[in-house]
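Trainee: One letter stands for each residue in the lines below.
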Amino acid sequence: MTTKFNIICISGLRENLQMAAMFAATAAVSGSAVSVFLSMNALRYFVKDSHLSAPSEGEIGQLMEIKNVPSFQDLFRQAAELGDAKLYPCSMAMEVLGIPDDQLYDHIEKPLGLTKYLSDFHDGHVMTF
Amino acid sequence: MSNIKRVDARNSFCPGPLMELIAAMKLAEVGDELEVLSTDKGSANDIPEWISKVGHEIVECREEDGVYYIHVRKTK
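Sequence order for the protein chains is A and B. Residue 851 in our numbering sits at position 121 of the first sequence, and the numbers go up by one each step. Residue 208 in our numbering sits at position 49 of the second sequence, and the numbers go up by one each step.
Bound-form chain A, shown alone (with noise of 0.2 Å):
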């Protein structure tokens, strides 16, 4: 039976987002079903284009800046394109921040709700970030 993970990204804190993609891009590829929520301050960093910098809250972030480490963006891509993993926008905050659908990366779903992501997503270990 597939194992599944959900991954609830709320933070947008360097540190929370690269374990988020870590553990996304790894069981992705794994052979796990992957979803990923994005909302709160995570959300922005999904927008084409936009070329945020997410700020480090300690050390190894700051370390994780100068060396080469694959970026939180790559790796959630790397979920999605070469594993079973899906990212959905959350439209509540899709809502708040005036973002268009089309403005984010393609390889990110269309914006869920929560009571549909409860409900699709019901199973599986929930992990948050």
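Because the hints were derived from the structure by calculation, they are not lab data. Take the hints with a grain of salt, since some may be wrong.
[Said to hold, decoys possible] Computed footprint of chain A on chain B; a stretch qualifies when at least three of its residues, placed anywhere within it, have a C-beta under 8 Å from a C-beta of chain A:
1. 164–174
2. 177–183
3. 207–214
Quick reminder that beta carbons are idealized off the backbone N, C-alpha and C, glycines included.
For chain A, the structure is supplied; the task is to place chain B on it using the hints.
Mentor: Just chain B now, with coordinates in the frame of chain A:
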């Protein structure tokens, strides 16, 4: 004769070398061999783990001057 494709992931960090290998494996044919180079020790452990989990084949793993050479064969 199989192709041996080299994936140079030196100086990248986990899970970069694994993801680079998987991207290359997607493009490879069944029976092809690939060799990934990594300086990340965690990846040197994780890549063979992924290969056995997914069901591909490890041909050889070795370390030379701080570089891990992981030689694999795509089996499906």
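Trainee: In ascending order, which of the hints set out earlier in this document are inconsistent with the structure?
Mentor: No hint contradicted; all consistent.
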